[in-house]
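Novice: Residue numbers (numbering that gives the first Met the number 0), protein chains in the order written: chain A, 0 to 243; chain B, 0 to 129; chain C, 0 to 386.
Keep in mind that a hint or two might mislead.
[Claimed, not checked] Among chain A residues calculated to face chain B with C-beta under 10 Å, some are:
hint	residue
1	Lys-71
2	Thr-167
3	Ser-205
[As the list claims (entries may be wrong)] SDA-like mimics (lysine to any residue), calculated; alpha carbons at most 20 Å apart, straight line:
hint	chain 1	residue 1	chain 2	residue 2
4	A	Lys-14	C	Thr-189
5	C	Lys-74	A	Tyr-216
6	A	Lys-71	B	Ser-21
7	B	Lys-14	A	Pro-20
8	B	Lys-20	A	Thr-169
9	A	Lys-91	B	Asp-17
10	A	Lys-81	C	Thr-169
11	C	Lys-299	A	Tyr-216
12	C	Lys-163	A	Thr-169
13	A	Lys-30	C	Lys-299
14	B	Lys-14	A	Thr-169
15	A	Lys-46	C	Asp-186
16	A	Lys-91	B	Lys-20
17	B	Lys-14	A	Lys-15
18	B	Lys-20	A	Lys-15
19	C	Lys-74	A	Asp-85
20	A	Lys-46	C	Ile-274
21	B	Lys-105	A	Lys-15
22	A	Lys-30	C	Asp-186
23	A	Lys-71	B	Arg-19
24	C	Lys-299	A	Thr-169
25	A	Lys-91	B	Asp-22
26	A	Lys-15	C	Glu-282
27	A	Lys-46	C	Lys-74
28	C	Lys-299	A	Pro-31
29	A	Lys-30	C	Val-281
30	C	Lys-363	C	Ser-176
31	A	Lys-19	C	Thr-189
32	A	Lys-19	C	Lys-363
33	A	Lys-46	C	Lys-163
34	A	Lys-15	C	Gly-100
35	B	Lys-20	A	Lys-30
I should point out that these hints are in silico values taken from the structure, not numbers from a laboratory.
Built from N, CA and C at the ideal position, the CB exists for glycine as well.
Next come the chains, spelled out residue by residue.
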Amino acid sequence: MSNQVWMVTFRIFRKKGNLKPYFEDFQMEVKPGEYLLEAVERIWAFKDRSLTFAHACHHSTCGACGMRVNGKEKLTCITLIKDVVDDDGTVKVEPLRNFPVVSDLVVDMGNLFLNLESVGHHPVISVVEEPYQDGIAAGKGSEADYIRLSDCIECGMCISACPVATTTSTYLGPAALAGAMQASLNPDNGVLKLVDCADGVWRCHSAYECSEVCPSYVEPGRKIMQLRRKVMAERIKSIFRSNN
Amino acid sequence: MSTDTNKPAPSHWWKWFDPRKSDVGNWAFILNRITAIGLTVYLFVHLVVLYQLSQGPEAYNSFLELAKHPFIVLGELLVVVAAIYHGLNGIRVGLTTFSDTSSVQKAIFYVIALVAIVGSLIFAVRMFTA
Amino acid sequence: MKKPHVIIIGAGFTGAATAHDLALRGLDVTVVERGALVSGTSGRTHGLLHCGGRYCVKDQESAIECIEENLILRKIVPQVIEPNGGLFVALDESDVEYSKGWLEGCEACEIPYKPLTPQQTLEIEPYINPDLKIAYEVPDGTFDPLRIAMAFAATAKSNGAKFKLYTEVTELVIDNSGRVTGLKVWDRVTDERSELYADMVVNATGAWAGMIAEMAGANVPVIPTPGVMVAYDERFVNRAINRLCKPSDGDIVLPQRRMVVVGTTSFEVDDMDYIPVIEDQVELMLDRGSALIPGIRDVKERGVYMATRPLIGSGLTGRSAARTFKCFDHKESDGIDGFVTITGGKATTLRRMAEKTSDIVCQKLDIEMECKTAETPLISYRQYHAL
């Protein structure tokens, strides 16, 4: 099984400078059980050194290698070849949507990082505040003392998949709103006010494509709704507060 | 050339129309928007029709004749289907917004889609055989 | 007086940390990187913030560097670190035998440790192999491989440094006196070629250091030494888990987000632009990883990748080559001025590698500025995109 070799055509999106983009085909020998990013890397290493693509950790913690594979958002370092294409097939590889394309498969995700910063999302957080086993932290003892990297790897796939993000560039977006949900655990930081706006929690139209594509257990759509409920509760409470 | 511009990508107001490669949730959203547009257009048409009523019995009777035309019946069926779907998806949106059920939103969609299809068929049969 | 311009080739850990150090000392810095940030070896680091325990028997110089840098990084860049400590776990009698020398090593390198009975170990980490003999708690940690470099890069940018990504060096520009004065680059974003000039060029390309040094006719004895890493889809532990044995294959299992990552192996190659995954090594990681955490056998593999360490050649190979770093001043070693190479080392010592390199660069440029990176907290890694 692991010695099987397939022949697959990779149809890669190419764009250099201000020239018109186009698709370029590369015939590659691949193993069905290997990860898509390996094939993209081999295209760069052995076929075309001008190919640009972002990658770093190769194990779904850095969030750099998100791409659209046959139109669907995938984190290519953990996407198996056999899950997206068959022997003698063609697989289309494009950059993520809703971000400016820098070159080939590279997009500029600066906006995402800055939005997460503005809502105050914590990149490291206690396992009590962001549990990783549905409410139960592994191990006994002082769970409160364990700090872990937050689930969100800032890969941008949720924004690429969001139909609303396609139509407006000012929407905070699923990643930042899910991040705001985490930040709102601290009740004093004003994040609820920040997201209670037309481009915040109210812009979501429940497509839930974000949760479908998130590779890192964030479930942004769910978090947006949790945040919405919090915002509504806060609004109701503030009516009674100001009446005192 | 700097690779870091951190500007948002240009937006395209028409791109939400494209449901290819997306999952059922996006289909739900697209149908919701299309039915919303349809129902809004219908609202204006309905107001025009009601205006006809105020023009006296001849205007109303001639409208009733027109209304029996199969094209108009089809149009009315589309309005009914749109209203059924939009209302049901509205329940899905309300459910997932007010309760923590977004993890089963696809299942909810399949249920409402089934109810919408059954409801539409019932109305179609009744409207075209009346 | 115009600030001296330094070009650093490579935006891995060493390049990013050196950019920060030099920018903090007031120099004008440009980093040139052919791919994305940390897209070479650095991005694929296991992510272990070493306490030094792994090296305290045979390589005490590395061990001491590790524990010192561990404490500094916890202070200056906590935003990317899981500071939950680590365990050295003895699974059989030969491990227990090894522990004697290990404890002496820890004492010698001043690495704090706390012995735990099997019961105590399982209480804090219930998924460890229940047949363990003894364990020791140490101040290991784990870190995010991209964001640690981004934090250094962001702080460097805040002090004026520039990062040119997707820009490949094709040639070094050398003047008549044999001095490196700049480089020719290929901007892979626009497919355009141009030249950049500098008062000093720092070769921070890690495993590729030999290749870049050759462009100047210099010799840097780097042995590219890849190893495999395998990620599994369950976060079994919160601490770094080390096998208490002499450094060998698959003796470290780390938590990373909601996974555990088992590593690694060690073998030599000539061409390091692409290393194919070797199936036997993946199998070995499964065996070695599940010896420490039996539950690994029952969960899905999430990812597999190869990473190429830069080991400094000195006649020794692989596991016995020292894991320290070396900075080559090519004026001394090859008669080529304006050119410095830093290679070897490990992720945990990135700041120190940058300090030594920056000291040499400043000395060569007649600049008297002390290194302040040990006391300077880094700014938020996200600011990389704001500057």
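Novice: Does each hint hold? Answer for all of them.
Specialist: Each hint, compared with the structure:
1. Interface hint status for A:Lys-71: upheld, as the beta-carbon distance to the closest one in chain B is roughly 5 Å, under 10 Å.
2. The beta carbon of A:Thr-167 comes within 5 Å of a beta carbon in chain B, closer than 10 Å, and the hint placing it at the interface holds.
3. Evaluation of the A:Ser-205 hint against chain B yields a held restraint, the C-beta minimum of about 5 Å falling below 10 Å.
4. Note on A:Lys-14 and C:Thr-189: the hinted pairing holds, with a Cα-Cα distance of about 9 Å set against a maximum of 20 Å.
5. Taken as a hint, the C:Lys-74 and A:Tyr-216 pair is broken in the structure, with Cα atoms around 29 Å apart against an allowance of 20 Å.
6. Using a Cα cut-off of 20 Å, the hinted pair A:Lys-71 and B:Ser-21 holds, with the two alpha carbons roughly 7 Å apart.
7. The hinted pair formed by B:Lys-14 and A:Pro-20 meets the criterion: a straight-line CA distance of about 19 Å does not exceed 20 Å.
8. For the hint linking B:Lys-20 to A:Thr-169, the alpha-carbon distance of about 24 Å lies beyond 20 Å, and the restraint is violated.
9. Restraint check for A:Lys-91 and B:Asp-17: the C-alpha separation of about 18 Å stays at or below 20 Å, so the hint holds.
10. For a cut-off of 20 Å, the pair hint linking A:Lys-81 to C:Thr-169 is broken: about 37 Å separates their Cα positions.
11. Simply put, C:Lys-299 and A:Tyr-216 have alpha-carbon atoms about 15 Å apart, close enough for the 20 Å limit, and the pair holds.
12. Taken as a hint, the C:Lys-163 and A:Thr-169 pair is broken in the structure, with Cα atoms around 28 Å apart against an allowance of 20 Å.
13. Taking the CA atoms of A:Lys-30 and C:Lys-299, the gap is near 18 Å; set against the 20 Å cutoff, the hint holds.
14. A distance of roughly 16 Å separates the Cα atoms of B:Lys-14 and A:Thr-169; the hinted pair therefore holds under the 20 Å criterion.
15. As the CA atoms of A:Lys-46 and C:Asp-186 are separated by approximately 18 Å, the hinted pair is consistent with the 20 Å bound.
16. Proximity of A:Lys-91 to B:Lys-20 is assessed by CA-CA distance (about 12 Å); at most 20 Å being required, the pair is judged to hold.
17. Of the pairs offered as hints, the one joining B:Lys-14 and A:Lys-15 is violated, with about 24 Å between alpha carbons and a cut-off of 20 Å exceeded.
18. A threshold of 20 Å between alpha carbons decides the hint, and for B:Lys-20 with A:Lys-15 the separation of about 26 Å lies outside it, so the pair is violated.
19. Between C:Lys-74 and A:Asp-85, the direct Cα distance comes to roughly 50 Å. Violation of the 20 Å bound is thereby established for this hinted pair.
20. Under the criterion of a C-alpha separation no larger than 20 Å, the hint pairing A:Lys-46 with C:Ile-274 is consistent with the structure, at around 15 Å.
21. With a C-alpha separation of about 40 Å, the suggested pairing of B:Lys-105 with A:Lys-15 is violated against the 20 Å cut-off.
22. For a cut-off of 20 Å, the pair hint linking A:Lys-30 to C:Asp-186 is broken: about 32 Å separates their Cα positions.
23. At most 20 Å may separate the alpha-carbon atoms for a hinted pair to count; A:Lys-71 and B:Arg-19 meet this at roughly 9 Å.
24. Of the pairs offered as hints, the one joining C:Lys-299 and A:Thr-169 is violated, with about 39 Å between alpha carbons and a cut-off of 20 Å exceeded.
25. For the proposed pair A:Lys-91 and B:Asp-22, the alpha carbon gap of about 18 Å is at most 20 Å, so the pair holds.
26. For the hint pairing A:Lys-15 with C:Glu-282, the CA-to-CA distance comes to about 41 Å; that exceeds 20 Å, so the pair is violated.
27. For the suggested pair A:Lys-46 and C:Lys-74, the alpha carbons sit about 44 Å apart, so the restraint of at most 20 Å is broken.
28. With a C-alpha separation of about 16 Å, the suggested pair C:Lys-299 and A:Pro-31 falls inside the 20 Å cut-off, and the hint holds.
29. For the given pair, A:Lys-30 sits about 15 Å from C:Val-281 by alpha-carbon distance, which is consistent with the 20 Å threshold.
30. For the given pair, C:Lys-363 sits about 16 Å from C:Ser-176 by alpha-carbon distance, which is consistent with the 20 Å threshold.
31. Of the supplied pair hints, the one linking A:Lys-19 and C:Thr-189 holds, its CA atoms being roughly 12 Å apart against a limit of 20 Å.
32. Distance restraint check for A:Lys-19 and C:Lys-363: the Cα-Cα separation of roughly 46 Å exceeds the 20 Å cut-off, and the hinted pair is therefore not satisfied.
33. Proximity of A:Lys-46 to C:Lys-163 is assessed by CA-CA distance (about 24 Å); at most 20 Å being required, the pair is judged violated.
34. In summary, the hint linking A:Lys-15 to C:Gly-100 is not supported, as the alpha carbons are separated by about 58 Å, beyond the 20 Å threshold.
35. This hinted pair does not check out: B:Lys-20 and A:Lys-30 have alpha carbons roughly 25 Å apart, beyond 20 Å.
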